[in-house]
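**Q** Sequence:
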Amino acid sequence: MKEELFRKYKEIESDRLLLRHMTSQDVNDLFEIYSNKEVMLYFADRAAFTDISEAEKMISGYNEGLQNKWEMRWGIVLKESGKLIGTCGFHAISDYDKRIEIGYDLNRDYWGKKIMKEALSLIIDFAYKESDVNRIEAYVEPPNVSSRTLLERLGFVLEGTLRKHEMCRGELIDIQILSLLREDWNSIYVMVNT
2 MKEELFRKYK EIESDRLLLR HMTSQDVNDL FEIYSNKEVM LYFADRAAFT DISEAEKMIS
62 GYNEGLQNKW EMRWGIVLKE SGKLIGTCGF HAISDYDKRI EIGYDLNRDY WGKKIMKEAL
122 SLIIDFAYKE SDVNRIEAYV EPPNVSSRTL LERLGFVLEG TLRKHEMCRG ELIDIQILSL
182 LREDWNSIYV MVNT
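The sequence shown: position 98 = 99 (our numbering), numbered continuously.
Derived by calculation from the structure, the hints in this document are not laboratory data. Misleading hints may appear alongside valid ones.
[Stated by the list, open to error] With beta-carbon atoms standing in for the labels, derived distance ranges:
hint, residue 1, residue 2, range
1, K9, L182, 19 to 27 angstroms
2, K99, E57, 32 to 40 angstroms
3, A49, W71, 21 to 29 angstroms
[To be verified] Result set (DMTMM-like, lysine to aspartate or glutamate): computed pairs, CA atoms no more than 25 angstroms apart in a straight line:
hint, residue 1, residue 2
4, K11, E119
5, K99, E153
6, K80, D16
All C-beta atoms, glycine included, are put in the ideal place defined by N, C-alpha and C.
Hey, can you work out the whole structure from these sequences and the hints?
**A** Rendered as structure tokens:
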């Protein structure tokens with residue numbers, strides 16, 4: 002499964018979005034995203050970026066993850082402007098369990114425009130069509146209602162809360178786990194893309 006996914010990694014398009022590999026030319030757009038405190042509020046245990054070098058390291062890390070097959074991340078580009086406005090992808094890829102974890106972030110200026118729903122729909126469809134992955138998981142902090150709602154609109158099911166699961170901002174916090182199974186996606190794909 003893992004080899005299939007990485008071998009088939011490619012650009013993915015919709016009418017308004019291009020999902021593509023990120024390069025050093027994206028550093029300013031990525032810095033704009035990750036320097037916003039609202040965007041970074043639920044981004045693991047990272048503070049908002051304060052230096053462009055942090056965005057350079059992030060791009061290098063994403064590319065290293067792709068090369069070493071532990072993570073695949075796409076830059077989300079708005080076709081009409083050519084601007085990189087977010088990222089999305091998969092990590093924690095388990096061949097044995099046929100399971101992957103999804104992650105995403107979006108420039109604050111583009112929230113509420115259904116861009117992330119469109120982008121995630123594209124990569125979920127890619128994962129299910131191009132490999133035998135059976136389960137996509139997402140981990141969300143309970144106060145991040147917008148993220149959980151987005152996932153639920155894509156067909157993810159809230160399975161429960163992992164109590165005091167992660168160290169974040171100096172304290173152990175709860176994390177909600179959601180999942181989308183292949184069989185769920187097959188039954189809702191038409192609904193999501195209309």
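**Q** State for each hint whether it applies.
**A** Right, here's what the structure says about each hint:
1. Taking 19 to 27 angstroms as the suggested C-beta distance range, the pair K9 and L182 conforms, at roughly 21 angstroms.
2. Range check, K99 to E57: Cβ separation about 34 angstroms, and the 32 to 40 angstroms hint holds.
3. The beta-carbon spacing between A49 and W71, approximately 25 angstroms, falls within the hinted interval of 21 to 29 angstroms.
4. Annotation: proposed proximity of K11 to E119 holds, straight-line Cα distance about 17 angstroms (limit 25 angstroms).
5. Pair hint K99 plus E153 holds up; C-alpha atoms about 21 angstroms apart against a cutoff of 25 angstroms.
6. Straight-line distance between C-alpha atoms of K80 and D16 comes to about 8 angstroms, which keeps the hinted pair within the 25 angstroms bound.
Comparing the model with each numbered hint stated earlier shows that all of them hold.
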